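All chains, full assembly: derive it from the sequences and hints.
Going down the list, the sequences are from chains R and C.
Each residue of the first sequence is one higher than the one before, counting from 227 in our numbering.
Each residue of the second sequence is one higher than the one before, counting from -13 in our numbering.
Hints in this document: simulated from the structure, not taken from any laboratory.
Source: prediction; values computed, not measured.
C-beta atoms are modelled at their ideal positions from N, C-alpha and C, and glycine is treated no differently.
Please note: incorrect hints may appear among the correct ones.
[What the hints assert, rightly or not] Rough simulated footprint, nothing fancy, chain C against chain R, three-plus residues with beta-carbon under 8 Å:
hint: 1; stretch: 323 to 329
hint: 2; stretch: 423 to 436
hint: 3; stretch: 520 to 534
[What the hints assert, rightly or not] Here are the simulated distance ranges between beta carbons:
hint: 4; chain 1: R; residue 1: 247; chain 2: C; residue 2: 59; range: 42 to 52 Å
hint: 5; chain 1: R; residue 1: 332; chain 2: C; residue 2: 90; range: 18 to 28 Å
hint: 6; chain 1: C; residue 1: 221; chain 2: R; residue 2: 333; range: 46 to 56 Å
hint: 7; chain 1: R; residue 1: 422; chain 2: C; residue 2: -2; range: 37 to 47 Å
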Amino acid sequence: MGTAKLVADPAGERAKTDPYRKFTGRKKAILAALVLLVFLMAIVALHAGAMNLDPRQVLRSILGDGGQVSGVVIWRIRLPRILAAIVAGAGLSVAGCVIQNNLRNPLAAPSTLGISSAAAFGANLAIIVFGAGAVQVSNTETITINSPYLVTVCAFASAMLAAVVILLLARIRGFSPEAMVLAGVALNSLFHAGTILVQYSAEDLQIAAVVFWTFGDLGRVSWREVAILAGLTAMALGYFTFRRWDYNALDSGEETAKSLGVHVERIRQQGMLVACLITAVAVSFLGIIGFIGLVGPQIIRRVIGGDHRYLIPASALTGSLLLLVSDTLARTMVSPVVLPVGAITSFFGAPLFLYLLVRGYRRS
Amino acid sequence: MMLSVAGLSFSYPSRPVLRDVDFDLSAGDFLAVLGVNGAGKSTLLKCVNRILNPGAGVVLVQGEPAARLSRRELARRIGYVAQRQATGGTTVFDAVLLGRKPHIQWEASRKDLEVVQRALETLELEEYALRYTDELSGGEQQKVVIARALAQEPRVLLLDEPTSSLDLKNQLEVARIIRRVATQQRIGAVVSVHDLNLAIRFANKFLLLKDGEVFAAGGLEVMTPETIESVYSVPVAIQRFAGVPVVVPV
Chain R
227 MGTAKLVADP AGERAKTDPY RKFTGRKKAI LAALVLLVFL MAIVALHAGA
277 MNLDPRQVLR SILGDGGQVS GVVIWRIRLP RILAAIVAGA GLSVAGCVIQ
327 NNLRNPLAAP STLGISSAAA FGANLAIIVF GAGAVQVSNT ETITINSPYL
377 VTVCAFASAM LAAVVILLLA RIRGFSPEAM VLAGVALNSL FHAGTILVQY
427 SAEDLQIAAV VFWTFGDLGR VSWREVAILA GLTAMALGYF TFRRWDYNAL
477 DSGEETAKSL GVHVERIRQQ GMLVACLITA VAVSFLGIIG FIGLVGPQII
527 RRVIGGDHRY LIPASALTGS LLLLVSDTLA RTMVSPVVLP VGAITSFFGA
577 PLFLYLLVRG YRRS
Chain C
-13 MMLSVAGLSF SYPSRPVLRD VDFDLSAGDF LAVLGVNGAG KSTLLKCVNR
37 ILNPGAGVVL VQGEPAARLS RRELARRIGY VAQRQATGGT TVFDAVLLGR
87 KPHIQWEASR KDLEVVQRAL ETLELEEYAL RYTDELSGGE QQKVVIARAL
137 AQEPRVLLLD EPTSSLDLKN QLEVARIIRR VATQQRIGAV VSVHDLNLAI
187 RFANKFLLLK DGEVFAAGGL EVMTPETIES VYSVPVAIQR FAGVPVVVPV
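Encoded structure:
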């Protein structure tokens, strides 16, 4: 028996777990590779754009030593945008990862719960009904939303309202995944209907402003918003990391999780609340960015496996990478026109998602 | 006494399931919980480790009321193997490592990994350590979840029909392992079983439930044809075949 051997030869017993340590070492290497990829992509993104800047100019501008124009481009436009992509991508993707675990549904995402459509409804309400979208059309035909803060606040309030309603409804049914998914479906269609009703009475320009808002755009954020988003995402990541063993236990079924000491209902309630919160903040600041929350964790799960000790940080990094790549494409594909990043993520995300669907859930 | 259950009752809103159930379990005991489908066997197991909250009654684990222990503390003392398992896309080692969850503060220590390794050896799963659980046969998967429960280093094991979906060879193997582990590691095992022959062959204590109440409880002496007929409504004979008692419906 192993017990006798353990006493006689502790070093030998330890050596037996070496293959497993090697196995987890590979996962850590994947995480390190992802960090490096995000960093490299951020450097690429700093250079890419309508204004051509060579690496030296970029570096000098970052150090505050470049020309005034390139300084503005780097510090006021590109850096906040790149950081927003990293932070929002991480937040949306890790929220998707936890939602997929909590709802025991690999196809769930922040949008499954109706958070995005609720935020869109809030924005519609602000622009059309509350007059935040008394839009201006300047000579250059750009559409500006007059009170972006009112829109953000309304979108956020509406998204959180959806989250609270879902959690209250789910509470009645003991936070069962089915109850939450169904509540999400119902809320999704309710907010869609609400949006249509609000838009029915709107003027052309208001509709244009709403459409403009709905396509997610990373160019909207200032340093302050990036800071808020980064703070919340860091807190959410910290919380999810703290709960990683609980999420692993939930994957083995509710009863097994309880027998391993997990407060199943409490963990689900808190996990969903935090996931909803970061989604709501990201969507309210940036507009709707689809598919990151669904596809980010799905892709990386196939590479790094289902262990949340590694899946949580890997999902966050994959989300950052996806959104950064998408945004750089959006800025450079038909430069100087900047395409809405929400359309890019959905455009490339949907076929990717279908591919994953067709291939089934087998591990590669 | 490892486990002491007294006056345990449980009801769903629509119907009562368990009424006034009592039993005791010592270290090394293999207690077979028997009864027809719906007699309350699974419910009884779930009430012991608070997966379900009993309406009345007391469960003492090593002399302490289970109701006063935190979930984590309870999980350090009681391992549970559910009737149906969800097999996620994790390796066997990771699946068994989950059993260390009640002991892990932040990250799995070297000791945790060694306990997992020992549990794998006990179940003869070392070769499968880095295989994925959903690539294993039903028998191997069942051994993985038993290994996970052992990795909890519990004093009591609750196993809900651990052999019901296994072939003959695996049924015998799993039952043998449970008996061996109970005896060697001085764990008390509570096992709900459908197969009377398996129960009679491996268990040393029996609890027969009928309509949510204890119909008979005790050692091998309670397993008489009359008791079994009363519980299962099937006339049976018990005969020895090659030294092994066999229950035969007549």
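Report task. Could you check the structure against the hints above and give me the numbers of any it violates, in ascending order? Result -> 1, 2, 4
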